[in-house]
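Chains as they are written, first to last, in our numbering: chain A, 68 to 268; chain B, 68 to 268.
Keep in mind that the hints are not guaranteed to be accurate.
Copies of one chain are not kept apart here, so a pair can be met inside one copy or by any two copies together.
[Said to hold, decoys possible] Here are the computed lysine to any residue pairs in the SDA-like style, where the Cα-Cα straight-line distance is at most 20 Å: (1) Lys193 x Ala105; (2) Lys107 x Glu208; (3) Lys93 x Leu151; (4) Lys107 x Glu128; (5) Lys107 x Leu259; (6) Lys107 x Pro183; (7) Lys93 x Arg200; (8) Lys107 x Arg239; (9) Lys107 x Thr136.
The set of hints was computed from the structure by calculation and includes no laboratory data.
Here are the chains, one letter per residue:
2 protein chains.
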Amino acid sequence: MGSRVLPEPVERLIEEFSRLPGIGPKTASRLAFFLLRAPKNQAAQLAEALQQLRERITFCEICYNISETSPCPVCADDTRDHGLICVVEEPLDVVAVERTREFHGVYHVLHGVISPVDGVGPEDLKIEPLLERIRQGGVREVIVATNPNMEGEATAMYLAQLLAPLGVRATRLARGLPMGSDLEYADEITLLRALEGRREI
Amino acid sequence: MGSRVLPEPVERLIEEFSRLPGIGPKTASRLAFFLLRAPKNQAAQLAEALQQLRERITFCEICYNISETSPCPVCADDTRDHGLICVVEEPLDVVAVERTREFHGVYHVLHGVISPVDGVGPEDLKIEPLLERIRQGGVREVIVATNPNMEGEATAMYLAQLLAPLGVRATRLARGLPMGSDLEYADEITLLRALEGRREI
C-alpha cells in the first residue's frame with residue numbers, strides 16, 4: 068500500500084459519505100467498511116435508491132413540495148380547500164401537518180427560512196411564487212406554519228407584512244408549540260391544538 | 068398525500084440509509100432531504116462511488132486485505148519481508164500499522180475477532196488461510212496485532228495455540244502507556260501491563 072492508504076474506490080466512497088451532513092470521516096469509513104462486508108446487493112440497492120431519487124422526484128409547480136408528479140397529489144385534489152394555504156419551511160413539515168388528519172387545505176413549501184447568519188434572504192425562498200398564487204385569487208387564509216424559533220418567527224413576520232396588502236387572512240399556529248422546538252418532531256395532538264388555536268398575525 | 072406519507076423514492080432512500088449501522092430513521096430522512104436539495108450530481112456521485120466499491124474492490128487471495136488487485140500491492144511487493152506476518156482484525160488496522168512506516172513485513176486480515184456473544188467463532192475468520200500460508204513455509208514470525216481488548220486478547224491466545232506446533236515465533240504488540248498520556252488517568256489494566264513490561268533504561 069505504501070503511499071496509498073486505502074484502495075481508491077474505498078477512499079472515494081468515504082469521501083462521498085463525508086460530504087453528507089453530520090457524517091465525519093470516522094463514520095464515513097465505518098459505513099464504507101460495513102458495505103464492503105454486507106451482502107453484495109446492499110450497496111447496489113442504496114446506489115439505485117439514490118439514482119431514483121433525482122430521476123423520479125420533482126417539485127410541485129404550485130406548492131413546491133417534493134412529488135413524483137406536478138402538480139402534486141394535494142394540489143391536484145379537488146376535494147381539498149384551495150382557499151386555505153398552510154405555509155411551511157420544509158417538505159417534512161407537510162408530512163407532520165398531514166399526520167393530524169385535520170387539515171384539509173393545501174400547502175406552500177418555502178424551502179427554508181430567512182436567516183441572515185446563513186446568508187439566506189427572502190429571494191432564496193419560494194415567497195414570490197406564494198404571493199403570485201394569492202394574486203391569482205381564491206385564497207381566503209394563509210396559515211404561516213414556520214417553526215417556532217427565531218428564524219421561523221422572523222420569516223412569519225416578514226410574510227405577514229407582504230400578505231397584509233393582498234387582503235388575505237394571515238394566521239399563525241398557536242403557541243402550543245414549545246419555543247426552540249422543531250415542527251418536524253411535534254406530536255399530532257400538540258400540532259392539532261396549535262392548528263385549532265391559530266390566530267391573526 | 069393522504070395515506071402516502073412521502074413520495075415512494077424518498078421513502079425508499081430513507082429506508083436504505085436506515086439499514087446502515089448507526090443511522091436511525093431521523094438521520095436517514097435528514098440525509099435524504101439533504102440530497103434532494105444538494106447540487107444534482109451529489110446523489111449521483113455517491114451512487115457511482117457505491118457501485119465502484121463492489122465492482123472494483125476485491126479481497127487479496129493471500130492476506131485477505133481489501134485491494135483493487137489480487138495479490139494486493141503489499142503481497143506482490145518483493146522488497147517486503149514475507150517471512151514476517153502481522154495479523155490484524157480489520158483492513159483499517161493495516162492502514163494504522165502502515166502509518167508507522169517502520170513495518171516492512173506483510174499482513175493477514177482476520178476480518179473480525181472471536182466473539183461468542185456476537186456468535187463469531189474461529190471458523191468465521193480467515194484463520195485457516197493463515198495457517199495454510201505458514202504451512203507453505205518461509206514464515207519466521209507472526210505478530211498478532213489484534214486489539215488490546217477482551218475479544219482481541221482471546222483471539223490472540225487462540226492463535227498462539229495454533230501457531231505453537233507450526234514452529235513459528237508468535238509475538239504480540241507491547242502493552243503499556245500510550246505516548247502523550249497521563250499516568251494519573253491510566254486505567255489499572257494498562258498500568259499493570261506497563262509495569263509487567265518494564266524495561267532497563
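Checked hints:
1. Lys193 x Ala105: between (41 Å within a copy, 17 Å between copies)
2. Lys107 x Glu208: neither (52 Å within a copy, 35 Å between copies)
3. Lys93 x Leu151: neither (47 Å within a copy, 30 Å between copies)
4. Lys107 x Glu128: Result: close only across copies, 18 Å inter versus 39 Å intra.
5. Lys107 x Leu259: So lysine 107 and leucine 259 fail the 20 Å test inside a copy (45 Å) and across (36 Å) alike.
6. Lys107 x Pro183: neither (46 Å within a copy, 25 Å between copies)
7. Lys93 x Arg200: Classified as neither: same-chain Cα gap 46 Å, cross-chain 32 Å, threshold 20 Å.
8. Lys107 x Arg239: For lysine 107 and arginine 239, the Cα distance exceeds 20 Å both inside one copy (50 Å) and across copies (34 Å).
9. Lys107 x Thr136: between (33 Å within a copy, 18 Å between copies)
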